[in-house]
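As they're listed, the protein sequences go chains A and B. Residue 162 in my numbering sits at position 162 of the first sequence; the count goes up by one each step and never skips. Just add 1000 to the spot in the second sequence (first one is 1) and you have my numbering.
Hints are computed from structural coordinates only; laboratory data are not their basis. Each hint should be verified, as a subset may be incorrect.
[Claimed, not checked] Residues from chain A shown here face chain B by an in silico Cβ test under 7 Å; the list is partial:
(1) Val74
(2) Glu133
(3) Gln270
(4) Ala274
(5) Lys278
(6) Pro280
Ideal Cβ positions, reconstructed from N, Cα and C, are used throughout, including at glycine.
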Amino acid sequence: MFKKLSMFGNSGSTQNAANNQNNAVLRVIGDRASGKTTYMAALASWPNAEPSSPVESVTAFNDDGTALIDKAEVLLKQGLPLEPSTKETDVLNVPDYAIRIMLKGQFSWRNPKLSQGNQLVTLVISCKDYSGEFFKDLQNSPNDPYLQSYLQDCSQATGIMVLIDGMALDRDPIYANSIEKFFVALDRIDLDETQRRLALVISKCEQPELWVKRHTPREMFHQRFRNTYARLDSLNKVGGVEVEYFAVSALGMLGRNYPGPNAQLISRDQGGVAATLKDPLRWRPFGLIAPIYWLCTGERHKKLDEE
Amino acid sequence: VVYQQLNNNGPIYIDEFSTGITPEGTVDNWVSKGFTGRYMNSTLTDIPKVVLRAINNYAFAVAEGSATERPAMIGRVILGSTNPQVPEQDWSVIDLISRGRDEFNRSFGFHRYFLCPGKDNLWKLAEWLEAYQRDQGHYPIFNPFKTRIPGGERYTFQNLVQQPPAMTGLLQEPWMQNTPAIVPFSRDLRPTEINHLAVQKAQLTGQPVAWALNVEALEKPERFLVIKPGSDKAERLLQQLGRTPTQAQAIAATVTDERGNKNTLQGLSSGRVTQELVSDWATALSSVQQDLNNDANQVSKYWEDLFTKLGANNALTTGIYSPSMVKLLMLRAVTLPHTLPKYLNWLNISGKQNDASQVALDFQNQLRSLILPAKNQPNFSVLIQNLREGAKHTFLQVFNGSISPEVAFWLLGESRSLWSVETPWLVNAIQNDLLITTGATPQSPTQTTQNYELQEREWQAFWSRVRDYNRMRKSDRQNDPYYQHYTPIGKLLADLGYGSLAACFYQIGQGIVPPDLYDAALQTHQLYPMRTTRGMHQMGKIYGLFVYRDRTPAEKAFIVIFSLMKITFIGAGIAGIAWLIFSGTGLIADIIWPAPTRESENSSYQTGRQNPSSSETPHPHNPTISPEEKKNAIAQFSTTASAIDSLIKNNTDTTSEDEVLQILGRLLKLNENLFVSTYNSVIKPYAEGESDQSYLETQESNQDILIEAIYEYQINNNIPSNGVIGSQTFIRLEEDIRTIIRGDEEGQDEKAHPNSNDGSDDSSSSVLD
């Protein structure tokens, strides 16, 4: 299973050499309140970018995408956590965010196409963020007919991003189960054997115990979510799914020498953390683009990883 | 009009349904543990489709983060459908939105919808809500534990008043003059009151009643008539509405299923090509036209807006070539045919395949396979019409030079292309119109344009030059660069495999047809191949148009060699003898003319003229003019030309020039049209002294034909034959012409007495056949 590559070529994405453009169709899945929409809103708004960042610009170019920026405004101006995304039984009602990310060029041995000197590298993604109920229903009511249309929709994706609240340790056995169920179901619905990339993204890494380990996301995930890690590892070995690990924070940190989370805590326990932005003026998320870069190109971007 | 049900003062039955969640806790203290994806606590077995559609189209949507402790209220009249196939009734709906939380302490709005059938019951619903509030001390807000079942218990209400309260005072307020009217936050307003204001607004604007009470922010505020903000801040935000979409757009969004249409386009462009979605798309194309009363401008604006929202413009301007954008823009090019050239330009098709054009073709192929079987279904008619428009547009773009024939071929000729579905239709239409233009299909003078398949103004311009073609002199045509525009059309049609039609446009464009096309056309069309000793251009007629065959490189080379031989071995006798031998035996022709000609070889010499009519005595075969004589006749061609010119002018007192020309043509047994064209292109200019030698060279085949015809006429009439219209021939021709003109007139007179004609008159019909 999962042997043949998708129609978009070897990298799992189309590349328009003339424009140095990499495209990917992504689906973001994860438990309720794992931070999926906040991640997307932070990405689309791209606030207070660091001048030295390899990211030149992030632009939402359809209506669904710009609506994310409105959501970010709520987060910013009202200091409220974002509303949960409605569970749509018609998958076509799920917003499809179209976002273009421009990166300053960098050198790559493995993929000369990405090494364009000073030229910009463009990542174009179309991305749906499913409500957390999808992830829950996979586990609890796998026979609900609406799940089929979601899986069908997922099968069009070249990359899957699984967001996991790094603090939700209690959920490890559930996640292990859900992720496996998801890929088994996806495999059954695929007509073509498709090679997919799965970015396992640990969210809410502004939390101190996560932040200190942000540069070694695989190890961090292995330590914290042993069951899920083991299941992903076996999926990776069977083939068809390529897995990489990333650490992100949509809220970011405050301060340089004595950094602390830019987060106003709402609740925090072994089931996860709920927080909202503390200082909107200094909002600088981190790590958001590294998983997208990998999903688009199949390569890790050193500078993005170190953000 | 609005309160027509006032007399019907019976109770109303109020149905309801609510946001579906999994609640945890008690009535007073609960949290949501997630959405169920379905509505709950519904008294209806099926929630009306029009109501669901309105909800889906943000009719009751409050913006993110705007749910407050104080419940907001949205009242709307939702119009049903008068479509006899799927009639749906109107509904009056009031939605109460109140804030709740989930276990992660995220707060958001929960909806409880109350509805009753009919568009005139909204005020009763408002009355009921007020009555409920008076009785209970609160509004009937969302309550997950208030269990309702379909067909089970529901609220009923007998309103006490006969009609809604009058509030004429507020109508004059300055804020009521805008739409939507933003009621100042400071002014207290009850549900019945805001409803009343909205009803007044509805009467003025012709829109269905829609109001919002105590809202912080609405997803689509422009789709309301009256809004009462829930705070000062909300009021300020709503006042800034000035730059939001226009009312017209807002109305378009509500009368059409904008969200549904958006989903369809997004679904298709994200690669979900199913029969259902393709059918939804086709249906959307026709239903939006209906919904917007066939206002072409509004329809086009509507779709443009929708595609812009989906990112189409951004993709175009910033060069985003992701598969979904390539597909979305392709859908746009079908939906809005005028965007097709821009799309082709953006795809940068130049004969070579690129990633994007490959994605576009694969996508078109998928769509094509689903559209072809459904093509004749009524809901596909607009889609098919749009494909035709696109094909027509592309064709004209080739004509005006904005796109190359190669690019057009990608669209019209590629077997996987969606537009190529309608290429046969287009070619057929062009053929039809060409035949009318050249006069090959006679049309009555009263129906000047009705018979044309392609009626638009651009096409009239396209055909008018074709119409002029036959009338214009070659020199004028050559000086008119406009005619060159027809050559790419010839190329495109040739690539598409319509050789004969292509030949016509090559002829119009460059005055000559590539030999391969000509030869292929010869197989299927009645051509009049002619061979002459000097010109050696074959000539024929396709779709009422005279076409000339160009020479192949080999043929051209042969002629050069032959000319060189003529000069080199000039021992004039040798050349002369060689010429005699070759031309006499037809050897040259056999070498020069390719195979297809041979099929008509037996008649090749004579088919340029009328077939000998049965009434005529067959003359001895081959009254061939000798090369010497012909040379002589050419030298004296000016005599012939002025003689013909005089013959025409002498006889135009009672008869038109064209008719005299036709008679003369018949007498010389030339194809009439051919003769008319020869007259216009060779004789007239020559007689008027306008023609220079180089021009004559190009017309030599026509000249030769004429000389041969005169020669034959002279033999048949026992006049000394030399191929020149001298005085004897002139007199004889003039007599013949007059006889025929008289005969025509008599013939017309005799139509009243058909029996008086014994059939012995062979002057007109038999000769004219």
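Hints and how they fare:
1. Taking 7 Å as the C-beta cut-off, the interface hint given for Val74(A) holds, the closest approach to chain B being about 4 Å.
2. Interface restraint check for Glu133(A): the shortest CB-CB distance to chain B comes to about 5 Å, inside 7 Å, so the restraint holds.
3. The beta carbon of Gln270(A) comes no nearer than 14 Å to any beta carbon in chain B, farther than 7 Å, and the hint placing it at the interface is violated.
4. With a cut of 7 Å, the hint placing Ala274(A) at the interface with chain B holds, because the nearest CB-to-CB distance is about 5 Å.
5. This hint is violated: Lys278(A) has a C-beta 16 Å from the nearest C-beta of chain B, more than the 7 Å allowed.
6. Nearest Cβ of chain B to the Cβ of Pro280(A): about 14 Å, over the 7 Å cut. The hint is violated.
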